[in-house]
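*Asks:* Residues per chain, in single letters:
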Amino acid sequence: MKKLDWLFMSSLFALIGIGIMLVYSATSNTDLIWYKTEWFKQIIHFAIGFLFAAIIVFLPAKFWKNIAYISYALAIIALLIVMDSGHVSKGAGRWLDIAGFRFQPSEFAKIAYLLASSLWLSKHKVSILEPKTLLVPGLMFIVPFLLVLKQPNLSTALVFTAMTLVHFYFAGFRLVDLFLFVSPVASIILSAVSALYWNLLIICIFFVSIKFKFPIWLIILVMVFDVGAGYVSQMAWNSMEDHQRSRILTFIDPVRDPKGDGYQVIQSQVAIGSGGLFGKGFGEGSQTNLAFLPEKHTDFIFSVLGEQFGFVGVIVVLILFFTLFLRGIMICRLHTDRYVNLVVAGACTILFFHTFVNIAMTVGFMPVTGLPLPFLSYGGSFVITCMILIGLLINIRLKGRDIYYG
Amino acid sequence: MIYHSQHPEEIRLETNLKTLAFTGACTIAFLILVFRLLQLQYFEYENNMKRAEENRIRKVNIKANRGYILDRNGVVLVRNRPSYQISLLYNNFKTKEDRDSVFNRLLRITNKDGNRLLDSAALAFTFERGRWQKFKLQRLIEDASIETVALFEERGEELPGIEILVESRRDYPFGSYGAHIFGYTGEISEQELELPENTNYVMGDRIGKKGLELSYENEFKGENGFRYVEVNATGREMGSVAGMPFFKPVSGNTIVTTIDWRLQEVAETAIPEGLKGAVVALNPQNGEIYALVSRPPLDPNIFSLEKKELHRAWASVALDTAKPLTNRAISGVYPPASVFKVITAAAGLENHVITEYTRYKTCLGGFHFGNRYAKCWRGGGHGTLNVIGALRESCDVFFYQAGLDIGNRRISEMGRRFSLGSALGVDIPGERSGLLIDSAAYEKWFEKRGWKWSQGEILNISIGQGALLVTPLQQTAMIGAMAWGNGLYKPHFLKEIRSPEGDLIKKFEPVKVSEGNLSERTREIVLKGLYEVVNAPSGTGRRAAVRGVKVGGKTGSAENPHGEKTHAWFAAVAPLDAPEIAVGVVLENAGGGGAMAAPIAQKILEAYFHPDTLQKAVE
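Protein chains in written order, with our numbering: chain S, 1 to 406; chain G, 407 to 1025.
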């Protein structure tokens, strides 16, 4: 028990407690019987989640290696199944029913991809100087990425992307390699925003690659990709019909959708802002109670926190999250096993990416993407995903050596 | 490239570096969020607070209109009416004084007779509840009258926190007529809310509770919508907000029923006041129900009443010993009485146990069986009759003797051919299956009472008494199928489902429930008997005759253990060669079928075949 990270555990429990409290406050405005309310169901979700976590804590690391590729294959199959039935009705395609349980294959795929990618990268180094080393991990990434993107679920697809980049970084990329690696994507976006920024980016890429003494063929390749991506995207953009453009813009930024996502973001900012330094108090707050936020107990739970507990409240929660991620990633220092470190880095990335994107969305920094906030947002599938990741982290932590701290 | 054996220390250094980078990225990201939060909650606090205060936009759910019920010719049988709810939104009280002044003003509101509309205890209770659920509307007056609404509207500005909502309730233009078919709607109960199929209902929604309202709830309910409205300082709605999401409610579908309202009205008025019983009229060719009446009547409007009155009205119907809530046409089970003789006759003829020339011992008003003396209904006796004559005059003695020859197995087999003893599957809930059993099942059924099957039991069965029970619907379907000869079709009310715009969504296709087949010869003889019941001078059902139409029928007078007057039965079908309509009538403790029930069937047949006469009579 000495090896259990009590700081990590107490942050976790504090977040879960706060989460259930907020779900209660956001949904108490109903007449439901207690065992049908969201807060009670959320407690059940966490109970199930803890069960999963407890099982995982006691499984050996070897087990994860053994099931990595199989679960990855199963996840792809599950994603294919929901893709096939997806056109029946909007949104329904993200769910799969198995033996009476409803789950989202994309949630399962996050964990399966984490395990599979970790296993591959623990045995094979990736290097930007040898493009063929990127082939297998690239394929492993692109298949679930495209399937999730097709659902359409851009935000979850981006979770895969974030994890892949961190994995590549931990498996051999340097930061500058990552920069060159993602530069074509940046080119596409910047060339659409402004020609000046895009030109600056191209110059920047050129000098960075000279400075870091990349081989000539790679510099040429990157430049061709970047310039090409920029021009092609500009050309494609110009040749598109208005409605096509607006469809793409809506895909990237749902605020544009007149169905009212923009309204949600504005209301969310007003809710958080009107909380002030100390908040309006638990259960108070007109923004929350008057139902301005349609998804206040799921995606906009952070707004409820901001309105009711103010700046002090959100800082406390941010510190708790920060502690959790810090202590989580530090688990890497206890191990020299590459596989284990990749799992830790990937798990922390998934949790961190959700947290950052969700909060950034509620404060109006990012489009409404529909990524829930770990431990705070209401929702069964996601709670279980988070608890599985936590279970993995605790498991790895317990098996680490007492060396640098603990 | 496969990893070369790196030194652990090397790996550790690399990992530490990367962990640090991750932590750095985390820190930067969180700092960005902290600065943004500081901006929103500290530097822009005033502005945001003001916006929150001024935020008078509210999401309002719009309930979908429930679908209508029409008769086969488009007559609207069930529609909706607006219903006003006067409610309290506690959050709109800015101060204690506000609240107290509204409380006192509410108490002072009186109707034109000078009576207070709200009593102080109930009002205090509602206010107390509002204090705990500030943002939830608390109902003060349910289903308020137009006059009451006007009283509150006039005082609108001095009553902040009081809101008037319009809901839609069911309206029955024809009063109690057809109430047992339509059923009623009511507020969804907690138990119903827990059912898995009711997940998209919320407390306060109205749901079908009985009859067609329950059977076709999914068609009627439509889809609720919502919109955002702006409210003023007193909480009054100022209109929709432009640019906000607005989901229009989708009205429920219309059910076009098979009911012929003309016939239904005739049937409703035909039953004498004060009698209990049921009438069914249907098309034997496809099972379409034209009319279905159960007495005593039930006023469905009471289920739309205000809660307080509803409880009173509900108590009065639920405790009524006459059981007006029971739909006797499908849930009432009676001995089939002499109408069952057509089954006995058909069983005998079909199995060649009797022919149309078979004659039994002369009826002298009774029959000796062992030490038992079974009486015929006519004390003076019928003399010697063949099967047609026995049907015509409903001679018990003939059927006692025939029954003994035929045996119970054949009789119950014939009954099953016409779906007796099993529910027909009519599309309103509450149908009972009646009772039709063979000798083995009989002993099991009556095991508790220690009754054993005896040959003497056949005497009862063969004249439709004893261990036999049917619903009026079964009786009607049976006589209809016998004349139609092409099977017994599931009786139903659903003709078509139409969208609110009137487009056809679904059409009901007839479903055959049982074969109901007889050999041509058997059918001919039985139908001849039915014909003579109505049309021969000595027939028992002469009062059902309709000019110019070949009506066939069978009377019945069911004895009941309570020793009161018999239940009057009449089952008719017409025209006999190509039957279009079958009618069944039962009147509890009303006397003889020929005298009491046949005239009612006659009125319905008359209205069906000679609609003009009816028109004239009305004029």
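Careful: at least some of the hints might be erroneous.
Claimed, not checked - List time: in silico BS3-like cross-link candidates among lysine-lysine, alpha-carbon distance up to 30 Å:
| # | chain 1 | residue 1 | chain 2 | residue 2 |
| --- | --- | --- | --- | --- |
| 1 | G | K542 | S | K41 |
| 2 | G | K901 | S | K211 |
| 3 | G | K913 | S | K36 |
| 4 | G | K913 | G | K901 |
| 5 | G | K901 | S | K36 |
| 6 | S | K399 | G | K971 |
| 7 | G | K850 | S | K41 |
Note that these hints are calculated values from the structure, not bench results. The model shown is predicted, which means the values in this text are computed figures rather than measured ones.
*Asks:* All the hints need checking, so say for each whether the structure fits it.
*Replies:* Do the hints match the structure? See the list:
Between the alpha carbons of K542(G) and K41(S) the distance comes to roughly 22 Å, so the proposed pair stays at or under 30 Å and holds. The hinted pair formed by K901(G) and K211(S) fails the criterion: a straight-line CA distance of about 82 Å is larger than 30 Å. The straight-line distance between the Cα atoms of K913(G) and K36(S) is roughly 39 Å, outside the 30 Å bound, and the hint therefore fails. Distance hint between K913(G) and K901(G) is fulfilled; the C-alpha atoms sit about 6 Å from each other, no more than 30 Å.
For the hint linking K901(G) to K36(S), the alpha-carbon distance of about 39 Å lies beyond 30 Å, and the restraint is violated. Simply put, K399(S) and K971(G) have alpha-carbon atoms about 90 Å apart, too far for the 30 Å limit, and the pair is violated. Proposed proximity of K850(G) and K41(S) is contradicted: the alpha carbons are some 49 Å apart, above 30 Å.
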